[in-house]
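Top line first, the protein sequences correspond to chains A and B. Mapping of the first sequence onto the numbering used here: residues 1 to 968, in sequence order. Mapping of the second sequence onto the numbering used here: residues 1 to 413, in sequence order.
It should be emphasised that the hints constitute simulated quantities derived from the structure, not laboratory data. Any given hint could turn out to be false.
[Claimed, not checked] Pairs of lysine-lysine residues, derived as BS3-like cross-links and limited to a Cα-Cα distance of at most 30 angstroms, are as follows:
1. A/104 - B/50
2. B/50 - A/127
3. A/872 - B/248
4. A/554 - B/248
5. B/265 - A/127
6. B/62 - A/857
7. B/265 - A/145
8. A/872 - B/349
9. B/136 - A/901
10. B/88 - A/127
11. A/122 - B/62
12. A/122 - B/13
13. A/104 - B/151
14. A/901 - B/406
15. B/62 - B/27
16. A/127 - B/151
17. B/88 - A/948
18. A/867 - B/406
19. B/216 - A/127
20. A/122 - B/265
21. B/349 - A/875
[Said to hold, decoys possible] Taking CB as the label site, the calculated pair distances span:
22. A/383 - B/18: 24 to 32 angstroms
23. A/135 - B/248: 22 to 30 angstroms
24. B/149 - A/864: 41 to 49 angstroms
25. B/194 - A/605: 39 to 47 angstroms
26. B/194 - A/864: 47 to 55 angstroms
27. A/161 - B/213: 31 to 39 angstroms
In this text, a Cβ means the ideal position worked out from N, Cα and C, and glycines have one as well.
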Amino acid sequence: MRLPPVHGEWIDRSKIITFTFEGKTYTGHPGDSITSALWAADIRVLGRSFKYHRPRGVLTMANHDVNALMQSTERLNVRADVTPLVDGMALTAVNTFGGLQSDKASILGAFSRFMPVGFYYKAFYTKQLFPMWERMFRTLTGLGKVDFSSPRVRTPKNYGFCDVLVIGAGPSGLAAALAAAAQGAEVLIVDENARVGGSAGYIGCTDSERAELHAAQLSEVQAHPRIRIMTSTYAAGYYADHWIPLVASDVMTKMRAQSIVVATGAYEQPSVFRNNDLPGIMMASGAQRLMHRYAVKPMQKVVVLTANADGYRAALDLAAFGVEVAAVVDLRAQTKIDPSESESQVNAKGMRILKGHCIAEAIAGKQGKSVAAVVVARLSASGEAEVAGQETIACDGLVMSVGWAPTANLLYQAGTRMRYEKSVEQFVPDVLPAGVFACGRVNGVHTLTARHADGRRAGSMAAAHAGFGVAELIEVAAESECPTHPWPIISHSSGKNFVDFDEDLQLIDFHNAVQEGFDNIELLKRFSTVGMGPSQGKHSNMIALRILARLTNKEPQQVGTTTARPFFHPVPMSLLGGRGFTPERRTPLHAKHDAHGACWMPAGVWQRPEYYRVEGQSRLECIHGEVAAVRTSIGIIDVGTLGKLEVIGPQAAEFLDRVYISKYANLKVGMTRYAVMCDESGVIIDDGVVGRLAEDHFYFTTTTSGAATIYRELSRLNTMWGLDCGIVNHTGAFAAVNLAGPRSREVLGTLTDTDLSSGAFPYLALREAKVAGIPARLMRVGFVGEWGYEIHVPANQGVALWEALMAAGQQFGIRPFGVEAQRLLRLEKGHIIISQDTDGLTSPLEVNLDWALKMDKPFFVGQRSLKIIASKERKQQLVGFELAADFSGTAPLECHLVIHKGEISGRVTSIAYSPNVGRNIGMAFVTPELAKQGTQIAIRITNGSEVKATVVRTPFYDPENLKQKETT
Amino acid sequence: MPWKLLRFGVSKKHPEPRMFTYHEKLKTHYDVVIIGGGGHGLASAYYLGKDHGITDVAVLEKGYIGGGNTGRNTTIIRSNYLTPEGVKFYDESVNLWQDLSQDFDLNLFYANRGHFTLAHTDSAMRTMRWRAEVNKHYGVNSEVVDADFVKRHAPMIDLSCSGHAPILGALYHAPGSVARHDTVAWGYGRGADMRGAEIHQQTEVLGIDVQSGKVKGVLTSRGYISTNKVICAVAGYTPRILDMVDIKSPIYIHPLQAMVSEPIKAWLDPILVSGSLHVYISQSSRGELVMGASLDPYEVQSTRSTLDFVEGLSSHLLDMFPFLSNVKVMRQWAGMADMTPDFAPIMGKTPIEGFYLDAGWGTWGFKATPVCGKTMSHTVANDSNHPLITGFTLDRFRNFSLTGEKGAASVGH
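Assemble the whole structure, with the sequences as input and the hints as a guide.
Encoded structure:
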C-alpha cells in the first residue's frame, strides 16, 4: 500500500508508469524501484528461491535481494529491489517452471530431507545415467536466460582522478568528505543509491534532532566547491594503487585516487529461525527503505525482532507510518543501560516489549506466500527457543534488526587485516594499507554522533595522506551498547531456518557439512556453497562463520573469513568490454593495395595483401602470375610491416653482437648482414637484416609479428646491460617496399642518381640516396631470389615512392605481389620463415643456419645453451623435399607428419606447387637418418594415406645464387 | 530420485562420517611425506596406498586441502597436446578420469562436452593440423574441422568475431570435459584417508633435512618428522621448497586469472578456446560461465586480481558472443602458475635421493591430477621414474632434451 506523501520520498507522484509483471499490468511512479512499485501494489511474492523454489519477497531493498531477480526482455538477472522502474517494462521472475505463482519446481521443497548439503555429490554419477542427470541439473540451475538476438552494447569508459575518494555517502562518509575538503583536497563521493545520505535517510528520520543534523550535513556537502558527488554508482572493486572501477548503469569510470575512505557501512544481518524466508519477513532497514524512499507501507501488523537500538527505532518508525506494532521481541534479556533511550520511547508509546525472547518460527500463510504469524519463545541461555510458554502472534510482517556485518569487501580486496572486535561483535579493520581509511559502521562505529566523528577523523587522515593539511586527532566515543547479537540463530527440528537465501542453505546443512569434515571456513564454503550465490554471502557469510566457530569451539577471530574478491556487485560485460578496441595497423600504402584489388590477410596486428585479384583468374592463378612477374620481369611488395629499429651509440655493435647469433662489430659501414635472434634456451625467435649506417649507427629489421615484442625485449636487455647505446623504434615511421626482379635495377635507375652498378652497390650493400626525390635507405636483398632492393622512406612519402616506382615499372609490366607469392618465391630459394619453418624448440643448427652462428663470440643470448645443443645428437633437421613430377593425388599440407617405420619422424613445415620447378616442393623436419639427399620419405595426409617424397637439396631455384651476379 | 539419497531421508542423524580424519598430532616418522594437499599431492597419497600398499604417508598442507590451484582452475580436461610425451601422458589421465566418480563414490560432475580450439589465422590452422595429426597417431580423438562444423556445435557464435578475427576452423577434441574441481581433492583425500594416509591441514613446511644428498626429515610448523621420501607438489610455492633443498629449477611464477558470471540458464555445451582472442569459456552445471585467458605477462608470486584482465577478457568474449553484453561478471580470482620454459611439467627423481618433484604445472595441472598421482606414486614406490614421465624430468633442462608443449598449452590450459 502506498503511504501519503513522505518527507524526502524519491518518487514523483505527478507521473504514472505502467509496466507488467508475470503478465499482469501494474503502475508505479518515476523514482520507484521495480520491487517498491510491486510491494505498493500489495504483491508479496517477487521471486522463487534457487533450490526449493520457495516464494520470496523483500529482504533488504539494498541491491542484495537476489531472490527477486527478474528478466526484462534481453536484460537478465535484474535486481528488482533497486532497479529503477521504467515505463513499459515487461518483467518476469527468473527460474520458475510454469510461472511465479504456481512454480512446479516448488515440489522440490517436499524432498529436502533427501537433499542434504552436498547431496548431488553422493549420487547421480553412474556412467550411463550421468549425462541424463546433468541435463536435469542444467535445466534446474541457472537464473535468467540470455537472448541470442540482443546486440553488442558498446560503451565508452571514463577515466577520473581525485585526491580523496569517499565510498559511501552515509553520515560517516559525508563527514569524511567535509573534513578532507576542509583541508584542501578535491573530494569525490560515490554512492550506489540514487540519493546521498545513506542510513540517515531512513533510520531514525522520525527523530527531529537526527533529521536536522542530517539536513545540515547534506547542505554543507552539496554547497562545497571541492566536493563532487556521483550517485547511482558503485565501487565495484579495489585494485592496486587505489584504482577503483566506479560502475553506473551505462558507464564505468576508472578512478585513480590519492587516498580512499571506505565508508561503506554494514549489511543488516538476518536472524535464523524456521521459515525466516517467508514474504513479509525482512530486514528492519529494508522496511525503512520502503517507507522513507518509496512511501510504501511494508505491512499492516508487524513483529519487530531486535537486539539493538536500531530495532527500537524501527518500531517507532513503523508505528509513525501507521503500522501496528504487535510486539518488540528483544533477544537480549538485559542491556547495559536499562532501559535504553529508544526502549523508553517505545515503552512510552505503549508497545509490548518481550525481552530475552526470540522467534521460534514463523507460520506461513496460504501456499507459503506470506507470513501469517510468528511464534515467540523465551531464549534459553544456550541460545535455544524454550518450548514452555511459547506464544503465537498474528502478523503480516516481521522486521529483523539483530545486528550488522561490515561491508568490508573493498577493505579485504585492498589487503586490510581485520580483527574480531568483541565489544561490537563484528570484524573491524586492524591494519589498513597505506592510503586506505575506514570509518562508520564498517569500522565498528554505529552511534550517529560517533559516526560523524569517525568520518571527520578518517577524512582528515585521508586528506593528509594525499598531501593536504595535517591529520587531526579526533576521539571517537566507544559504543555504549553492542549493536550486534553474536548468536541470532535458532535451531528447529523441522529446519527451513535459512542461513543463505541465495542457495537455500539451512542451519542443519552446516552441522552436516562440519560432520563430514568440512570444518574450516574455506572448505565449508566450497562444500556447502555458502556465499557463492549472486549476493556473494552478504547475509550469510558472517552467520556461517558464527555457526562454524560454535561447532568447532573457536572464536570468530580463529575461524577467519573467506577471501573477498571483486566484484562488490556483479558488473555487466558490456561495461567491462567497453567499446571493444581492436586496433589494426595499416601501412601508408593501404589504399594503394585496395586500388589494386588486394585480398587482405591478418599478419599479427597488421593487415597485409595476401594477393591481388585479377579479373577472371583464380586465387592460385593470381599468385602464380605475381610470381612470374618477379621471376621474369619485376614485382613490388609492401614490407612496411617489418619491425624497423635503430641502435645508436659507441657500443651499438657490441649490443647487436650480444643479441644476434652472428657478428656485427666487423660489419663494414654501408653493408648489411642477415640476423638471427635466439632466446636463452637457444631457440630461434626472430630474424631480420642488420645494416651499418655509420660506425656507431645501425638500422635493422625484425619480423612483422615480432616487431613489438622484440623491441620490448631489446629495450629490457639494454636496460639490464647498461651499454652505451640507445634503441629507437621506427616501425611506424618508415614505409618500405621490396622491388624485386631482373628489371628492378633498370626501373630504380630511372628514379635515382646513385650508382647502381654492382661495383658501387654490391649485393647486401646499404646506401642512403634519393629515390624520386625522396630521401631513402636502400638495401640490396635477395629474400625472393632475384635482384632486388628494399627501399625505406619516411612514412608520409610512401605513397609518392609507390606511385613513382609503379610508373617507372609500367613499361616492364610491374606487378604488386602479396604475401602468398612471397612465400612461394622464398620457398623456391629455401629461405625459412620464422615460426612456420621453426617452432618453440628449434635451434639454428636444425634449420641449417650453422653458417650464421658465431660461437667464438664472448657472449650472445642463447650461446651457452647452443654449446650444449651442439654437443648433443641432433634430433631433427630441416630438409627440402619434392614430390614426383607426375604426382597427381592430394598433396600434403603443412604440418602433415613424416612417418618412418610406423613412428612420427618429422613434419612438413612448408609446401607449395612451384611453377618454376614444375613440382610440389617443400621443407620438412625429419630425423637425421632421413635427412640425406635422395632419401624417400612418407608423408601421412589427413585421410591416413601416405604420399612419397624425396629429400633434395635447397635452394630449389638458382642454387648458385647467380641471380645476384652481374650477367655479362 | 536415485536410491542413494533415500538413506538421507530415512535416517534420523546425518548418515555421513567425516571424509578426512582429524589427527591431533603428527607422528615422528612417516615412510613418505607429501608436501602439498592439492589434487596432485592427495592423488599421490591415494595411489601410494591403492596401488603400492604404502600407507604410512603424511600429506602436509599449509592452508586447506584443494585450496591452491586445484580450487582455482577452470576445470578443463583434455589430451589434445602436441608432443608425443604430452599426448600419451594426458591420454592416460583422461582414461583415469572416466572411472573416478565410481572409485570415489563421489560425483565429480565429470561432464563430457567436447572441446574446440578455434583458429583465426592460417598459422593457427597449421598448428591445429599438427596437433590433430599427432593426436590421431596416438589414438587420441582430435580432428581439424571447418567453421561450419563449429557453427553447428555452437550455433550462437559470431563466426566473424566482430569482423576482425574470422574463425577459419578449429581443432575439435570430442573427449574434452569439465569437472567440479573441489571434489577431486575431496575424493582423493577421502580415498587416501581410508587407506591410512594422514592429512594434516594448517601444517607448514619450514625446512627439509638433507644429509649427504639424502632426505632425512621435514621440519614443520608442528614439529619435526623423520622420513626418507618426500614428494613436493606445491605449484606456485615450488621455488620456495626447492630453496630448502638447494635445487635450482627454471620455474618462474606468473599469475593466471579467471572469472565467472552470474548463473544463467544453460545455453553453451562445448568448451571453446581461442588463442588469438586469448579466451576460453565453458558453462558449469550451476549455470555460471567460467572464463579465462592467457597468463598475466609478468612474473609475480601473488593471487591478486587485476581490472585489465576482466576488461580485456570481456571485450574478447563479446567479439565471439555479442549477446552476452547484459550478462554480469560475478567474481574474479587468480592462481599462481609455476611455468617452465618448454610448457611441460617437471616430474620424478631429483639429484637429492628421496626428494621427488611434481611441479611445473603452470596452467595445465588440473587435468593431469589422476595420472600425476599414478606416476608419482609409482616413481616413489620403485624409486624409478614411471615410463610416462621420463620426458618430464628436471635434468632435461641441463641436457637440453626439452619437451616443447608451448603450442598446445599456452592459452588452452
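So, going through the hints one by one against the coordinates:
no., hint, verdict
1, A/104 - B/50, "violated, 46 angstroms"
2, B/50 - A/127, "holds, 22 angstroms"
3, A/872 - B/248, "holds, 22 angstroms"
4, A/554 - B/248, "violated, 42 angstroms"
5, B/265 - A/127, "holds, 24 angstroms"
6, B/62 - A/857, "violated, 48 angstroms"
7, B/265 - A/145, "holds, 5 angstroms"
8, A/872 - B/349, "holds, 23 angstroms"
9, B/136 - A/901, "holds, 16 angstroms"
10, B/88 - A/127, "holds, 24 angstroms"
11, A/122 - B/62, "holds, 28 angstroms"
12, A/122 - B/13, "holds, 16 angstroms"
13, A/104 - B/151, "violated, 34 angstroms"
14, A/901 - B/406, "holds, 27 angstroms"
15, B/62 - B/27, "holds, 17 angstroms"
16, A/127 - B/151, "holds, 28 angstroms"
17, B/88 - A/948, "holds, 28 angstroms"
18, A/867 - B/406, "holds, 23 angstroms"
19, B/216 - A/127, "violated, 44 angstroms"
20, A/122 - B/265, "holds, 24 angstroms"
21, B/349 - A/875, "holds, 24 angstroms"
22, A/383 - B/18: 24 to 32 angstroms, "holds, 25 angstroms"
23, A/135 - B/248: 22 to 30 angstroms, "violated, 51 angstroms"
24, B/149 - A/864: 41 to 49 angstroms, "holds, 46 angstroms"
25, B/194 - A/605: 39 to 47 angstroms, "violated, 55 angstroms"
26, B/194 - A/864: 47 to 55 angstroms, "holds, 50 angstroms"
27, A/161 - B/213: 31 to 39 angstroms, "violated, 58 angstroms"
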